[in-house]
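So you can see what is in the structure, the chains are spelled out below.
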Amino acid sequence: MHEVSNATEKEHYIEAIEEMASQKTPEWLATLREDAAKRFAERPLPHRKLEAWRFTNVNPIIRNPFQPIAESGVDQLASSDVHPLLYANDWIELVFVDGWYAPKLSRNAGPGGAAKTAGLHEAIAAEDDLVEAHLGHVLGDGGNVFSDLNTALAHDGALVHIPKNVELDRPIHLVFVSSKTATESVIHPRVLVIADANSEATIIESHVSLAGEPRYFSNPVTEIRLNDGARLTRIKVLDEGPQGYHLSTTQVRQDRDSRFDGFTFSMGGPIGRNELNIVFEGEGAECSLRGLTLTEGSRLVDNAISVEHHAAHCNSWIGYKSVLEDKSHSVFCGRVYVAPGAQLTDSNQLNQNLLLSDKATVNTKPQLEIYADDVKCTHGATVGPPPQELVFYFQTRGMSQAMARGILTYGFADEVVNETPLDPVRDRLDRRVFDKYSPK
Amino acid sequence: MLEITNIHATVEGNEILKGIDLQVKPGEVHAIMGPNGSGKSTLAQVLAGNEEYDVTEGAAHFLGEDVLDLPAEERARLGLFLAFQYPVEIPGISNAYFLQAGLNEIRKSNGLGELDAMEFQELLREKMELVAIDPRFADRPVNDGFSGGEKKRNEILQMAVLEPKLAILDETDSGLDIDALRIVSDGVNKLRSPERSFILVTHYQRLLNYIVPDYVHVLFDGRLVKSGGKELAYELEEKGYDWIKEELITAS
Chain A
4 MHEVSNATEK EHYIEAIEEM ASQKTPEWLA TLREDAAKRF AERPLPHRKL
54 EAWRFTNVNP IIRNPFQPIA ESGVDQLASS DVHPLLYAND WIELVFVDGW
104 YAPKLSRNAG PGGAAKTAGL HEAIAAEDDL VEAHLGHVLG DGGNVFSDLN
154 TALAHDGALV HIPKNVELDR PIHLVFVSSK TATESVIHPR VLVIADANSE
204 ATIIESHVSL AGEPRYFSNP VTEIRLNDGA RLTRIKVLDE GPQGYHLSTT
254 QVRQDRDSRF DGFTFSMGGP IGRNELNIVF EGEGAECSLR GLTLTEGSRL
304 VDNAISVEHH AAHCNSWIGY KSVLEDKSHS VFCGRVYVAP GAQLTDSNQL
354 NQNLLLSDKA TVNTKPQLEI YADDVKCTHG ATVGPPPQEL VFYFQTRGMS
404 QAMARGILTY GFADEVVNET PLDPVRDRLD RRVFDKYSPK
Chain B
4 MLEITNIHAT VEGNEILKGI DLQVKPGEVH AIMGPNGSGK STLAQVLAGN
54 EEYDVTEGAA HFLGEDVLDL PAEERARLGL FLAFQYPVEI PGISNAYFLQ
104 AGLNEIRKSN GLGELDAMEF QELLREKMEL VAIDPRFADR PVNDGFSGGE
154 KKRNEILQMA VLEPKLAILD ETDSGLDIDA LRIVSDGVNK LRSPERSFIL
204 VTHYQRLLNY IVPDYVHVLF DGRLVKSGGK ELAYELEEKG YDWIKEELIT
254 AS
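Those protein sequences? They're chains A and B, same order as listed. For the first sequence, the working numbering gives the first residue as 4, with consecutive numbering after it. For the second sequence, the working numbering gives the first residue as 4, with consecutive numbering after it.
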């Protein structure tokens with residue numbers, strides 16, 4: 004049944020893949036794309052009987068024949084259009100319009116500084132060995148049918164390389180902008196981050212729309228390789244337009260003693276999914292994954308997290324929060340896999356959901372697969388409205404119930420914001436949360 | 004100031020208050036003492052407007068206004084304050100923000116202008132000094148991670164900032180060591196004035212050594228069974244609550 008219906012739903016993608024194959028491409032990349040195309044053809048599209056998609060209905064994406072995009076809408080944009088999205092003059096900020104790198108709108112990018120940043124397309128054309136060595140290999144055969152599609156069709160994106168022992172003195176901001184040109188189109192942004200041994204950096208990845216109402220589908224994949232002792236903070240801001248669908252996959256592979264601090268803020272778009280897969284390959288690696296999801300209307304956000312402990316002495320912390328209004332829907336899955344031999348694993352997860360409406364839906368699921376015997380794995384979840392005893396406390400100090408709920412919600416959400424590094428990023432998020440929930 | 008007549012209240016169907024009458028005039032300090040489970044905290048919660056409690060009979064007038072039908076925030080805006088026995092923790096919201104928001108709501112409803120952040124900071128600093136609280140408390144989340152004593156002191160700070168006309172202190176003394184008790188009591192005494200009244204709900208006479216009440220009432224099984232001056236507290240301390248119980252049995 005599903006294969007039959009999938010054939011129709013995949014048709015326009017298969018056509019795009021064939022078109023892509025006819026273009027002149029380095030051999031390694033052609034092979035990578037072919038393999039991905041094969042996996043895409045074989046893997047079923049999401050449906051309710053697939054455990055990973057049980058609560059996440061992506062039919063509006065599957066059933067709409069989003070078209071490949073012929074060119075970016077960069078020429079229709081001025082610097083002043085994207086300027087409000089940027090943070091600081093001295094940061095490295097790369098702007099991508101409809102999936103294409105836009106050097107003219109970017110600043111401080113290139114090979115000049117302590118780190119290398121480049122458009123992926125130009126890096127491939129320049130025969131950058133790093134790309135050939137890593138692109139697609141961090142993801143491996145992980146990910147999902149949409150990340151396969153990305154690998155098969157991605158044409159541009161970002162390359163970030165932090166060389167050995169470099170502690171980058173400024174953040175890197177990757178801004179993926181959808182313009183009007185992306186209307187009824189699908190884009191496949193691709194990010195490859197290689198952090199060499201003992202390097203340290205912070206990367207912000209923003210997904211935003213300048214398009215307003217038009218409908219589009221963004222299908223980004225981010226691959227991150229952390230070598231021994233590397234430390235990376237990655238802040239993802241999912242803020243697509245009101246009809247901007249977003250299904251993303253991030254794959255992180257961590258070598259010995261590396262540390263990954265991930266923040267995922269999900270604030271815009273009718274359907275947003277952040278698949279985040281961490282794989283510990285070396286001993287002593289750590290990750291801390293924080294998330295904040297704010298939904299309203301009939302929006303759906305799915306955070307599908309997987310942390311695989313393949314080495315001993317690794318620690319993982321997962322703390323995700325959601326605030327839900329109206330009929331919105333938040334899905335959380337925290338999978339922790341502890342391989343045989345991954346002893347002394349310490350893993351904690353907590354998913355907290357604040358319901359501001361009794362029509363909102365939360366699905367929260369821990370999934371522990373433990374094959375080692377000397378480990379500590381905890382999980383917990385809460386779902387509910389602001390506690391009445393707290394609301395009452397506010398009332399006794401002169402504040403109305405509505406005001407109490409607003410302030411409590413702001414406090415609940417802002418806890419994640421407050422942990423975010425970088426003042427400009429934190430301030431912008433704080434303002435967003437404050438404006439959304441604080442009493443007027 | 005406060006006039007309570009024949010209040011009956013239930014929680015989850017159980018009658019806890021069985022007819023309470025009490026009059027508090029401006030400037031007076033009343034102590035309500037009683038054994039555990041006698042209904043002391045219920046009385047405090049009912050007066051503050053906790054909707055978990057159902058008032059089934061009686062009336063409570065505060066400054067001439069029938070307050071039982073008013074939501075808790077409107078009672079607070081009239082000048083009623085409850086210092087909680089177990090103050091809740093509010094992660095993510097700073098003491099300063101919380102108090103400024105509350106104070107401004109109260110000011111607005113009394114026709115006063117709102118204080119801006121600068122003016123409020125100044126006021127808060129002053130009040131923190133008055134009740135001997137570390138200024139760093141201002142930026143800490145409300146009660147979050149506070150010790151028991153810190154929470155009680157924070158309640159007194161809130162009282163100092165909000166300047167209520169009637170403050171009900173629900174077992175503010177319980178769990179305090181002698182130093183903390185002295186600080187809390189000093190704070191209360193500094194706030195005593197001919198216009199401001201207090202109801203001290205307590206299990207122990209100890210607090211009343213520091214805050215000397217005008218009247219002492221004994222609450223027993225949902226009723227105020229005995230009233231007197233401060234010497235009644237000493238009597239209770241000496242003889243315990245069983246003495247009251249026996250007296251009641253003899254009387255009936």
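Check before you lean on any hint, since a few could be wrong.
As the list claims (entries may be wrong) - Pair ranges (Cβ atoms, derived):
id, chain 1, residue 1, chain 2, residue 2, range
1, B, E68, A, H86, 52 to 58 Å
2, B, G148, A, A342, 45 to 51 Å
3, A, L353, B, P197, 50 to 56 Å
4, B, Y89, A, P343, 19 to 25 Å
5, A, K379, B, G116, 37 to 43 Å
What the hints assert, rightly or not - Among the chain A residues that face chain B by a calculated CB cut under 8 Å, a handful are:
id, residue
6, W320
7, D376
8, V378
9, E392
10, Q398
11, T399
12, R400
13, M402
14, G414
15, F415
Calculated directly from the structure, the hints in this document are not laboratory data. Every value quoted in this text rests on a predicted model; they were computed, and no experiment measured them. Beta carbons are placed, not taken as given, at the ideal position from N, Cα and C, and that holds for glycine.
Hint check against the structure, violated hint numbers in rising order: 2, 4, 5, 6, 7 and 8
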